[in-house]
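Working from the sequences, and respecting the hints, build out all of it.
Keeping their order, the protein sequence lines are chains A and B. This note's numbering puts the first residue of the first sequence at 1, with every later residue one more than the last. This note's numbering puts the first residue of the second sequence at 1, with every later residue one more than the last.
Just so you know, nobody snuck in bad clues.
Since the list can't tell identical chains apart, any single copy or any two copies may satisfy a pair.
Calculated pairs, EDC-like style, for lysine to aspartate or glutamate (alpha carbon to alpha carbon, straight line, at most 16 Å): (1) 58 <-> 343; (2) 20 <-> 45; (3) 267 <-> 221; (4) 32 <-> 130; (5) 58 <-> 339; (6) 359 <-> 125; (7) 138 <-> 105; (8) 212 <-> 258; (9) 60 <-> 343; (10) 263 <-> 221; (11) 91 <-> 358; (12) 91 <-> 345; (13) 58 <-> 345.
It should be emphasised that the hints constitute simulated quantities derived from the structure, not laboratory data.
2 protein chains.
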Amino acid sequence: MAEDLFDDIEPIDGGVTAPKGFRATGVSCGLKEGGYKDLGLIWSEVPCDVVGAYTGNKVKAAPVRLSMSRMTNKISAVIVNSGNANCVTGKQGEADALRMTELTETHLELDEGAALVASTGVIGEPLPMDRVEYGIEKIARLIKNENSIQNFTNAIMTTDTRPKNFGCEMKIGDTPVKIGISCKGSGMIKPDLHMFHATMLVFITTDIVMNKELMHTALKEAIEYSFNRISVDNDTSTNDTVLLMANGLAENTQIDAENDEYKIFLKALTELCISAAKAIVKDGEGANKIVKIDIRHALTMTDAKKIARAVADSYLVKTAVFGNSPNWGRVIAAIGYSDAKFDLDRIVFSINGLPILEKGEQNRANISKANGEMIQNEITFTIDLGLGYKEYYLWTCDLSYDYVKINAHYIS
Amino acid sequence: MAEDLFDDIEPIDGGVTAPKGFRATGVSCGLKEGGYKDLGLIWSEVPCDVVGAYTGNKVKAAPVRLSMSRMTNKISAVIVNSGNANCVTGKQGEADALRMTELTETHLELDEGAALVASTGVIGEPLPMDRVEYGIEKIARLIKNENSIQNFTNAIMTTDTRPKNFGCEMKIGDTPVKIGISCKGSGMIKPDLHMFHATMLVFITTDIVMNKELMHTALKEAIEYSFNRISVDNDTSTNDTVLLMANGLAENTQIDAENDEYKIFLKALTELCISAAKAIVKDGEGANKIVKIDIRHALTMTDAKKIARAVADSYLVKTAVFGNSPNWGRVIAAIGYSDAKFDLDRIVFSINGLPILEKGEQNRANISKANGEMIQNEITFTIDLGLGYKEYYLWTCDLSYDYVKINAHYIS
Numbered sequence: 001m002a003e004d005l006f007d008d009i010e011p012i013d014g015g016v017t018a019p020k021g022f023r024a025t026g027v028s029c030g031l032k033e034g035g036y037k038d039l040g041l042i043w044s045e046v047p048c049d050v051v052g053a054y055t056g057n058k059v060k061a062a063p064v065r066l067s068m069s070r071m072t073n074k075i076s077a078v079i080v081n082s083g084n085a086n087c088v089t090g091k092q093g094e095a096d097a098l099r100m101t102e103l104t105e106t107h108l109e110l111d112e113g114a115a116l117v118a119s120t121g122v123i124g125e126p127l128p129m130d131r132v133e134y135g136i137e138k139i140a141r142l143i144k145n146e147n148s149i150q151n152f153t154n155a156i157m158t159t160d161t162r163p164k165n166f167g168c169e170m171k172i173g174d175t176p177v178k179i180g181i182s183c184k185g186s187g188m189i190k191p192d193l194h195m196f197h198a199t200m201l202v203f204i205t206t207d208i209v210m211n212k213e214l215m216h217t218a219l220k221e222a223i224e225y226s227f228n229r230i231s232v233d234n235d236t237s238t239n240d241t242v243l244l245m246a247n248g249l250a251e252n253t254q255i256d257a258e259n260d261e262y263k264i265f266l267k268a269l270t271e272l273c274i275s276a277a278k279a280i281v282k283d284g285e286g287a288n289k290i291v292k293i294d295i296r297h298a299l300t301m302t303d304a305k306k307i308a309r310a311v312a313d314s315y316l317v318k319t320a321v322f323g324n325s326p327n328w329g330r331v332i333a334a335i336g337y338s339d340a341k342f343d344l345d346r347i348v349f350s351i352n353g354l355p356i357l358e359k360g361e362q363n364r365a366n367i368s369k370a371n372g373e374m375i376q377n378e379i380t381f382t383i384d385l386g387l388g389y390k391e392y393y394l395w396t397c398d399l400s401y402d403y404v405k406i407n408a409h410y411i412s
Numbered sequence: 001m002a003e004d005l006f007d008d009i010e011p012i013d014g015g016v017t018a019p020k021g022f023r024a025t026g027v028s029c030g031l032k033e034g035g036y037k038d039l040g041l042i043w044s045e046v047p048c049d050v051v052g053a054y055t056g057n058k059v060k061a062a063p064v065r066l067s068m069s070r071m072t073n074k075i076s077a078v079i080v081n082s083g084n085a086n087c088v089t090g091k092q093g094e095a096d097a098l099r100m101t102e103l104t105e106t107h108l109e110l111d112e113g114a115a116l117v118a119s120t121g122v123i124g125e126p127l128p129m130d131r132v133e134y135g136i137e138k139i140a141r142l143i144k145n146e147n148s149i150q151n152f153t154n155a156i157m158t159t160d161t162r163p164k165n166f167g168c169e170m171k172i173g174d175t176p177v178k179i180g181i182s183c184k185g186s187g188m189i190k191p192d193l194h195m196f197h198a199t200m201l202v203f204i205t206t207d208i209v210m211n212k213e214l215m216h217t218a219l220k221e222a223i224e225y226s227f228n229r230i231s232v233d234n235d236t237s238t239n240d241t242v243l244l245m246a247n248g249l250a251e252n253t254q255i256d257a258e259n260d261e262y263k264i265f266l267k268a269l270t271e272l273c274i275s276a277a278k279a280i281v282k283d284g285e286g287a288n289k290i291v292k293i294d295i296r297h298a299l300t301m302t303d304a305k306k307i308a309r310a311v312a313d314s315y316l317v318k319t320a321v322f323g324n325s326p327n328w329g330r331v332i333a334a335i336g337y338s339d340a341k342f343d344l345d346r347i348v349f350s351i352n353g354l355p356i357l358e359k360g361e362q363n364r365a366n367i368s369k370a371n372g373e374m375i376q377n378e379i380t381f382t383i384d385l386g387l388g389y390k391e392y393y394l395w396t397c398d399l400s401y402d403y404v405k406i407n408a409h410y411i412s
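Structure (structure tokens):
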């Protein structure tokens, strides 16, 4: 039975350090002001298969380009810095990204090409490599004695207000297998990952034994239902990276086909990615609320996506959500300019299940009740188009004073 | 000589009341709280040819649909209300819009179908027709004795902070001819008028004698260089209307071809529309600054438009402008996700003529100077792509705390 299949997936702590053989920690090397941690390292006892998804922005930072070129390598470590994106930094930036991986490989005694690099922070500033070099030496020494998910997540945060770690354990056959995610991201988030978009760094580790092509299929599918469905603002970053690393230490029978075991892994991975994606929206710059824009009965998937995106990205809808206002007029206006097929006389717009507008008529009693719903931290806007059978959803957040405050004064 | 042609175009006061035979005024009828003026009327002594451009939003308010259907009529009056958009108001809304024109026609003793109607304000609320009927009777009586551009512009404003009136006089042959514009609009502005978009009501009057088809051509061209090139937020309204009315009272020799006289009129109309469009951006909700996004040397016009739109609409660029930050990284990131063709190594990005980023290298001395430029009220961001010969520009504004404040609490 399909439901029973997933009964044994259980949440666990530890983020990327949860699966067997993975360690992580973080240090300060002076990239952020004030002595905050700004350099993180993930290290696997044994080399991993890795698959990744990267920003769709045509301006790709040097570390993104370098890591992309290593997806066929066996990988043992990922070095991550915050405070500087190493983007639009020319040939020096390329040399610096390469140097970061070389130093990591040297100090951890890895094969050439066995380290990846990710960066987040200001665009256009050269990395202060003396500090970075000192930091890598320090962290490579430290990680042998210290395994701290807290230090790692602190090191990768920028405008994030809280660490984001998720994990689960499942049974593949009789063998326990684990997945862990640690991620950062809060502003400049509008993923469109085909492989990808957003100042979002997502590291996923697992100890599963699995065919690499299937890992890629699973990651793509999980992203489609998670990181591809969030919107904080309309901007898409130059540095986004999602990595899935598998070191095989769980020693399960290798998954080689899209069988029940694959489905369990896919389900677990997708649920974790959804939790991580929602956490990123909730931690959107200045955000107080998460709103699911739920499109039902669209004629085509393209229509469903266009409407979801128009509503989720509308400044006016997002400020109304901030103001606790069940402002269906702005939702309808956004549907109107979405360029999708709809018939106003068939639309039912509901807030947390309360129909607000039905077939062109507003429901005043429900609007009064919806005032109470709008103060919740999680809200669902359902837009039932009454035309076809396609469904789609996106998560968005409110647009607050703090978004403006953070971005007027943060240099990125 | 082409330049001499335009030497005699002179600015004049009075907005829509400037051309011969046009009157306007405004009254309060209780649509806005607090007794503010909320009903405006434009009246021409003699019937006018009229051409218009309307919102591209598929959800069109009842007054928009009614006025669109009358573009072949001779028009003598336009009745305008603020405080209620009469949009998503069903069959009652259609009847109410029609009733507004009927009452205007009756009280001004006009032919059936000789009045147009425009509305702006809250979506989804039925018009309180008893108040509107009382107001139309009052204003139709008043306009015979009172000609007040100030009362008219006050009556059509919503979140606007100032009236927007422009006008000019030119010579057609030896005959003086006038054009006047009065408009409102500040939020929900992202025109894309092919004919059109934005809670923007633009009324243009002229006493010229001109072939109606040429009026249409001229309006389309003027809009392309003005209202089509502004962005306050990403939202597009259900009620936008641009009307050009010509009553022929200047008694110039009729313009029947795209000759020098036509070119003078087109130039004058375009300049006025540009002034009005810039005034709308400057009065953008919460806006403090206007930024021209000036694209040079793009390979194709599509590329130039995509880049201008991506940069002009970027929340992060707009908040950086609010924070007086010459943040070229965010501009480059927006170019990167614009889906346009570019080569980072050829881009020169300048702020008010100071090159900030040239061929992948930032100019630190100019960035320091640009800090001083960013505090200006009018700023130009020039993005020279160094690839081809296409040029395009857009005007945008900053995104401030006040934008959030206004829209979190204003119901539209």
